[in-house]
Amino acid sequence: MKTNNKGNGSPVLNNLPPKLSPFVNREEEIRQAISALLDSKVPIVALVGIAGIGKTSLALEIAHRLSDMGEFAGGIMWLPARDLQSLDDLTDIIGTALGVPIAEVHSRLNSQRCLVILDGLDELSHQHESGVERFLETLPAPSKALVTSRKRFGISSQATVIQVASFDERTAIELFTALGGQQDREVSYIDHQTSAEIVRALGYHPLALTLAARLVRGNYAEARKIFEQTLDVLGDLGNDRERAALLHTLASVSQAQGDYSQALQLYQRSLSIAEQLGDLQAKSATLNNLAQIYFMQGDLDGALRLYYESLALKEQIGDVYGKSATLHNMAQIFVTRGDLDRALQLYQESLALKEQLGDVYGKSATLNNMAQIFVTRGDLDHALQLYQESLALEEQLGDVYGKSATLNNMAQIFVTRGDLDRALQLYQESLALKEQLGDVYGMATTQNNLAAAYAQRIRGDRAENIEQAIFHYQQALEVYTRQAYPEQWATTQNNLANAYSDRIRGDRAENIEQAIFHYQQALEVYTREAFSEQSAVTQNNLANAYRNRIRGDRAENIEQAIFRYQQALITAREIGDKNSYSNISLELGKLYIEQGRWYDALHLFEESLAIHRQGDDLDARADTIYQIARTHHLIGNLAKARTHYRDALRLYEHTRNQSGLALCKTGLGRLMIQMGFLDDAIRELESAKRTYGQMGEERRAAEVEEVLQMANHVKERQPV
Amino acid sequence: MSEADRIFDELTNTLSSWGLEEIPFTESASSLGISQLREVFTGRTQELREVLTLFQGRERKRILVYGWVGIGKTAFILEVLSVLQRKAKDTLVTYISLPSETDLATAALIALARKMEDDEWAQHQLNLMGLRPKKRPVQKTGKGKAGISSIGIEAEETTVPVTTPRFPALSFEDLLERALKKYSRVVIAIDDLDKQDPARVRELLRNNQGLLKSGAWFMLTGHPSGLTRDILTSDLGLFDLAIELKQLDEATTYRMLVNYLNSARPKNDRRDFDDPAAVRPFMPETARVLCERSDGVPRWLNRLGSYVLLKAATIHADLVTDDVLQQGLEYVAHQLRGQSGLTAEDYYVLDLVLEKRTLSDATVTLTDLERLKAKEFSEILPILEKLVQYDLLRRLPSERASEYEPTPLLMGKTEQKEDKAD
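Here the protein sequences line up with chains A and B, keeping their order. For what it's worth, my numbering labels the leading residue of the first sequence as 206, then goes sequentially. For what it's worth, my numbering labels the leading residue of the second sequence as 2, then goes sequentially.
It should be emphasised that the hints constitute simulated quantities derived from the structure, not laboratory data. Hints should not be assumed to be uniformly reliable.
Using 25 Å as the maximum straight-line C-alpha spacing, the simulated PhoX-like pairs for lysine-lysine come out as follows [what the hints assert, rightly or not]: (1) B:LYS116 <-> B:LYS182; (2) A:LYS356 <-> A:LYS246; (3) B:LYS376 <-> A:LYS795; (4) B:LYS183 <-> B:LYS62; (5) B:LYS357 <-> B:LYS414; (6) A:LYS783 <-> B:LYS374; (7) B:LYS376 <-> A:LYS783; (8) B:LYS183 <-> B:LYS214; (9) B:LYS387 <-> B:LYS374.
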């Protein structure tokens, strides 16, 4: 028997088990309970609530508080009801606790203020029920009883009943994160976003949260044990409503863990019980979660069906909050289907209800999703507007996490618009908030975006921008480890390599080596089988790097480059990516020409042209035709070259591509000299020179000038 | 007697009233027999002299004969070969039209092997390629009765699967060596290179340089000048002589017409060139118009002659008067347009050329091309070339541009006192 010596200074005898920690906010309930217990008119206080809602912890906390306060100097006794074998047990335990023989228990209770706590009254075996009831009813005046029970029934009419309900979201998240051990980042990291989702899915139910937290920690064995125990108990007690509720919350734990088949099973069980009971509220909640699972498994039609059912029920029971949530979820399905109009409609409906309810948090989430739709549609102004609204609400709520996400999304918009400075600003803000939250994964995402924005940035010092990009990519890589996030790791490796490849500062040769290294890293994850598109792009990038490589044996580097281009081409062809195919063909073709492999180049360009002929991009088509012309020119097929130059010229004139026009005219001019048509040659070359002049390309204009002079020379020496 | 019989007799009668046994005109010289070719071959004196001079020498030569479609390259080569066959000693001559998808060495190999009928290895090569040799190669397998040696009892033929030669150039060289043991000179003519894309021809030549440097004489045909130029001006040094066959002058064309008509007459009925009856059923004036219209291109002369006579026969004309000629010319244009093998796309292109009078890569507009559902001149080039093969278009000799215009065969009736087209 411990003695607590606080408050008044007088020791209070008790056999209380230690407080359960961590304990979260139940101040309201505690206040109510203590005030009732200290009220002379109230003999019994009963804490009532569904399984696992925290009655025991609450009772314990109340008891410890009272003890610390020095109340109930006669003694505070903790009696788990299920341990009672007989009525005599009760008095026996009390006697032992107080240090008096059984016969004197009653007089002690009469003379001193004691508190008897009976935890889990509903777990009493049936035979002892009436006995205990009588005991409580005849409890002598100064002493009080505090009982916890799942049922209201069977409690004395004299008792003051305090309903113990679920937590609010904030409290729930607090409990969950505390239990889940957020300090332990390495192994069991769950980011804030996921925590919030889990907590919501679990309906803020403390036991469920505890279980989930245990699961999160990997303590599956323990979680299962608790689960089975509770289910058994509920089954024995014939406590269907609670069973259904527990099945539901445990299903949502499985769901949050990604074990969809387990979750489905449990939901179905919960659903059938709820149906039997005619419990519409429970049914609609379970339908909602079931629908989510169908959605995650890709069965959109199934999901929608269930949402509609759930919606109808919610209408019936007048659950406006539930309705708004379901409408929001349904909208998401339509987004996935690509039916953006319908999705927007549903979001609007959800938004209206949330306004009605004053659900600020829900509003900000819906606004965010709506903004996303406008981004997809390209209506960036509208999207920004909605993000601003959402941001304001998040400020209001103090929703730091939401704010950081919204800032990130807004930054994306500015990137799309080309306003990189603004984007950078917003990214930095978002980053700061995420750091505040300790959202390491979120930080990595933003670092990545930030780096990408720097890499694109035109204003400011280019060299410095690239340095920034490199820095931020490396930061991102500290979180994106290969084991934990292979895809993001690979993407960032590729991007980092790109940055090194463009890098201005530092030793060029070394930069290229770095680029090559990082591309190869990326390719370890981006295999052709798993990530064909990315594989092709990265192979192409690597090929370019080898082409520019300074170190190593030149011939070998070129061979590597050619090999990589070919690999990229194979992949592009396999996945039917025509654009990439023709772009890469162009690069490889140019390389072939440099190497003097003209016919290989020609073959490749012609394949590429065949693809362009089916598309609409006239500039790309003209570029390829120009290359073909150039190759024929080099081979010496002058007539063919001429026809192709002219074809390219025609297209460039149509698209008003000045650079292309100048290139073609220069080529044609040279050709005409070779063919002996000097007047034609001079005309083309002068036109090319003019165009280069207009474009401000002084160097090229000068090159053309040289050729012109040569042409004039030849012309002068020709016999009249 | 059936209707068909009656018609046949009618036509035969008409022809014989003209003094002709048949209509002598053909599309290509390769459908003529050797003796017929000798009868109709006209002109090209200068060119023949140049080529045959070379053949007086010992050292092997490579000759390129180039010019327009239908200008008479095949006829020229065949004529040279037949002269060599008749007059030159110890000379093996062979001719082949280049099959598509075939390289020069393989073509040369086939041509040579076909001529070496008695050479087993040569015939074996042909068999391997799935080509029927003149004499079947026979693999003798002995089937003996017990104990008795079995030479020459039953000869079994075994079929061998078709394979293309892996090293045709080497196979050719082997074969050539064997041939040169028996002959002092081997001449190989490879025709119809101009039916292939000029760039491809270039590539073929480039890849088969060894072939052209071997010990055989080669005669190759090539494209019109604009396209051949690129081959000639390169410093590959592949040809010793490049002969351009140009359009014949009117007088020579007239003589060619007489030769053709004579070749269809019984020997005792043949006429001299200055005899007006030589061109019967044509009249000298209509014959001249015909020759003018054919613009010195033998193929066109053949086409015109053939269709005009056909028309004349159908209307039972005794003579080809001006009126009959005009009907004939209309008929030519009509028939040519209606040739089978022409697709809708071909007609679109043809009509565009007819509309614009000429179509060239320098002057064509994007709008013109889009009418043809194209955006590049290169896309319609194959069609233009096809139309050239069908005698509907001709390619102008300019090197400044690829220019095409309709052939005179499409002109139809002559305009009254029209200006000479330049």
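Verification of the hints:
1. Between the alpha carbons of B:LYS116 and B:LYS182 the distance comes to roughly 14 Å, so the proposed pair stays at or under 25 Å and holds.
2. About 23 Å separates the Cα atoms of A:LYS356 and A:LYS246, which keeps this hinted pair within 25 Å; it holds.
3. A distance of roughly 24 Å separates the Cα atoms of B:LYS376 and A:LYS795; the hinted pair therefore holds under the 25 Å criterion.
4. Taking the CA atoms of B:LYS183 and B:LYS62, the gap is about 19 Å. The hint holds against a cut of 25 Å.
5. Straight-line distance between C-alpha atoms of B:LYS357 and B:LYS414 comes to about 20 Å, which keeps the hinted pair within the 25 Å bound.
6. A distance of roughly 21 Å separates the Cα atoms of A:LYS783 and B:LYS374; the hinted pair therefore holds under the 25 Å criterion.
7. For the given pair, B:LYS376 sits about 19 Å from A:LYS783 by alpha-carbon distance, which is consistent with the 25 Å threshold.
8. Restraint check for B:LYS183 and B:LYS214: the C-alpha separation of about 20 Å stays at or below 25 Å, so the hint holds.
9. A C-alpha spacing of about 17 Å is found between B:LYS387 and B:LYS374, which places the hinted pair at or below 25 Å, so the restraint holds.
The structure is consistent with each of the numbered hints, conforming to all of them.
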